[in-house]
Each structure stands twice: as C-alpha cells, then as structure tokens.
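Chemist: Just need the whole structure built from these sequences, with the hints factored in.
In the order they appear, the protein sequences are chains C and H.
Its first residue numbered 1, the first sequence is counted upward by one per residue in the numbering used here.
Its first residue numbered 1, the second sequence is counted upward by one per residue in the numbering used here.
These are calculated hints, taken from the structure and not from any lab test.
Errors might be hidden in some of the hints.
Note that the list lumps identical chains together, so a pair holds whenever it fits in one copy or between two copies.
[To be verified] Using 30 angstroms as the maximum straight-line C-alpha spacing, the simulated DSSO-like pairs for lysine-lysine come out as follows: (1) Lys85 <-> Lys177; (2) Lys144 <-> Lys177; (3) Lys36 <-> Lys67; (4) Lys169 <-> Lys213.
Protein chains: 2
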Amino acid sequence: MGPLPRTLELFYDVLSPYSWLCFEVLCRYQKIWNIKLQLQPTLIAGIMKDSGNKPPGLLPRKGQYLKSELSLLKQHFQVPLKFPKDFFSVIIEKGSVSAMRFLTAVKMENPEMLEKVSRELWMRVWSRDQDISEPQSILAAAEKAGLSAEQAQGLMEMISTAEVKKKLKEVTEVACKYGAFGLPVTVAHVDGQTHMLFGSDRMELLAYLLGEKWMGPVPPTLNARL
Amino acid sequence: MGPLPRTLELFYDVLSPYSWLCFEVLCRYQKIWNIKLQLQPTLIAGIMKDSGNKPPGLLPRKGQYLKSELSLLKQHFQVPLKFPKDFFSVIIEKGSVSAMRFLTAVKMENPEMLEKVSRELWMRVWSRDQDISEPQSILAAAEKAGLSAEQAQGLMEMISTAEVKKKLKEVTEVACKYGAFGLPVTVAHVDGQTHMLFGSDRMELLAYLLGEKWMGPVPPTLNARL
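Modeler: Below is the structure:
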C-alpha cells in the first residue's frame, strides 16, 4: 500500500474564469497525482465583501488585460473560455448566489455529480454566454450533466432552505479563515501542514509542495487519451 | 543560420519582488530559448498612478498572503527573497525613484552591467532588508555588481539630469501603453504580434507563445551547472 493521498480543497465559484482553469487542471491531475480532491462550492461575492477586495475586472486596464489573457489561456489550458458580451451585467450584477446554492445542494445530495454540474454551469456562463441566474438555466445545466429532471427539481427546491444557505455561508467563511481574498483558492494539506494557494497559476508551485511532477495544464498522459 | 531570436522586453522595478522572480527566470532562459532579452527599468509608482491600481500589499489579507507565498516561491524559484521588516516604510514610503533612475543611467552608459546592478539592488531591498533610497546604498550595490567607484559616482551624478528623468518617464509610459497596471510586465514580439503578459507566473504561457519548452523556474540545464 502506497502513502495516503494528500487532501486538496478547491474553493471555487462558477463566476470566476480562473476558478474554471484551476478546476480543470485539478480534475485532470487527480487521476495522476496521489491526491484526494475535495470540491468546495464557495460564494465569491462573500469573499470580496469579507476581505475588502474588489473584482479585478472593475479596474478598466485590468479588465482589458483579463480579456486578452483569457483568450491565450483558453488555448494553453484547453478550456473553451469565452468572455461574456455584457461582463458587468452577467458577472457583477446577476452574480451566482442561486447557482452556488444549487451546487451546495448537489454536494449534499449527489456529491458524485458535483464535478459535472459545476462544469456545465461554467460551460453556460464562461463559454456559451448563457444565463446561470434563472432556475430554468440551472436546471438545464444539471440535466445536461446527467441528473434526471426529477433530481434537478428536487435540488432546486433545496436552494431556498436554511440548511443549504447556511452550508454555503459556512464554506465561504472557511475560505476566508484560510485567508482568501478572491477565488480560486486551493488548500493543500501536506504532512500536517496547511498551505493556501491563490489563483490558477499556482499549480506548478502546488506540484512542488506535493513532491509531484508538473506536466503543464494539460498533462501528456491525459492529452494522449483525448 | 537558425531563425532570428524573438525580442522580449521585461519592464521591472526593483521594489517589486515578483519582478525579481520574473527577471531571474528570463535571465536563466535567455541562455536556453531563442530570445533576445531587453531589460526595461520602469517606475512602478508611475504605473500605479496612471492605471489607478493600488499595490496589492495594501489590502491586509493580500499582504499576509504575499508574505507566506513569497517564502514558498523563494524555494521554488531559488531566489533568496526575504520580506522587509518594515514593508510600508521601505516599499510604499521610500519607493524607488533614485534606484530606477540609476538603473536608467546604467542602461544608457553601461548597458552590459544592467543585469548585475539590478540584481544587487534586489539583493539589498528584497533579500538583506537594506536601504536602496540613499545615494551611498545605490553606490554600494553598483560597486558590488562590478562597477568602479568612479563609474558609479558618474552614474549617480546623471540621475538628477533631465535626460535620465525623461528616459525613465518614457519607458514607464511605454509600459502603460502596453496596458500595464503593475509589474513585472513581459512584452513578447512574436511573428509580428505583440503579447503583453503580467506577472512572474506567466512564464509557462510565454514558453507556449514562443513555442519553446518550459522546464520550471530553474531549468535543469542550469541547475546542473549550479
């Protein structure tokens, strides 16, 4: 029997494109590295409020840079990112409370579906420029991910319960306690120590911490399989 | 004869620890990749002012994170970073105008010494927690880098000239025109296109753009030589 896998917690929000990049990289490497990935749906608005930080896209020159950088990262990471036409309305105004509460309910009731439903929500908002704030939008993503209409409806009913609201709030508070001021945040538990890493661009540093091999955002063993 | 080397411009300020990481990585890879590295001493305060951005260390939770992250990056990048005890006084209050004007003068008069003098200034402020704002501090770095006392004194006299002041201002404006809102900024000129990359964590993406191989922040061929 080899050494026990190290636990990695990924705190993410589907509003955050860099969370998507980080999510895909960790989903790929969970099949390669000796890790146990715990997906933690988090509310980015709660993190911004608690830390006093502001979304980077609000500074005009940063916003412009993010746009051009994401079109390069899209190719490099092989994640089909596309900037929403009306960034301000989609990302800042509409937000992700319902979507992240839905993912919280998925994690409680159908945890084996969390990866797929999260990905389908990102595919909507950060690839096809589709809404993720209306119930029918979230239900469509859930069904596309493989949940039955009945399951999806049941989870949708859960998002207004105190239990789900409280759970999302708690996870967001945990991220803040780890020191989050944005997302994605990866928390690595290695040899009794806890390391918090911010951003999708710390995966090579994560490999270094884990003593695992970094093979780029699309590891070749996976690449060969695609 | 192989293909012509691609020009990379590195805009940096010695106040910025991430600029140091980027600088060392590019100095290492200039011996491996088919690139021509142009060092561009820039004033970070000018970039912050022009873009409306704020130094990340000013948000308390970000400041705390930077500190713990830099101690990991120090090992991973093999750059002897150490956080100054009085960050606010050294980085925000004292700043780097004289140091960056001095480097501007070095670039004009002794360009072959720019890499070494830049490194010695970083060694002072970001490794040994020593001043870089007083003339004698800058002269000490210059002499440690290999300039004679006479050469260093001559360059020091240049920093109050209109020519040097204007040059530093111009380079800072060029960085802003490329879209800079912080440093380091790497501008890659590839196949008639210009790509601006922000941060020390975009070197793998840079390799992808250049069609070169990324071998981590300490490429093994160099590692073997150390």
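Chemist: The structure should be examined with respect to each hint, and the outcome stated for every one.
Modeler: Hints, one by one, checked against the model:
For the homomeric pair Lys85 and Lys177, the shortest alpha-carbon distance between copies (24 angstroms) is at most 30 angstroms, but the shortest distance inside one copy (34 angstroms) is not. Taking the closest pair of Cα atoms, Lys144 and Lys177 never come within 30 angstroms of each other, the shortest separation being 34 angstroms inside a single copy and 44 angstroms across copies. Taking the closest pair of Cα atoms, Lys36 and Lys67 come within 30 angstroms of each other only across two copies (27 angstroms); inside a single copy the shortest separation is 32 angstroms, beyond that limit. Proximity of Lys169 to Lys213 under the C-alpha cut-off of 30 angstroms is found in neither arrangement, the shortest distances being 35 angstroms within a copy and 43 angstroms between copies.
In summary, the numbered hints that this structure violates are 2 and 4.
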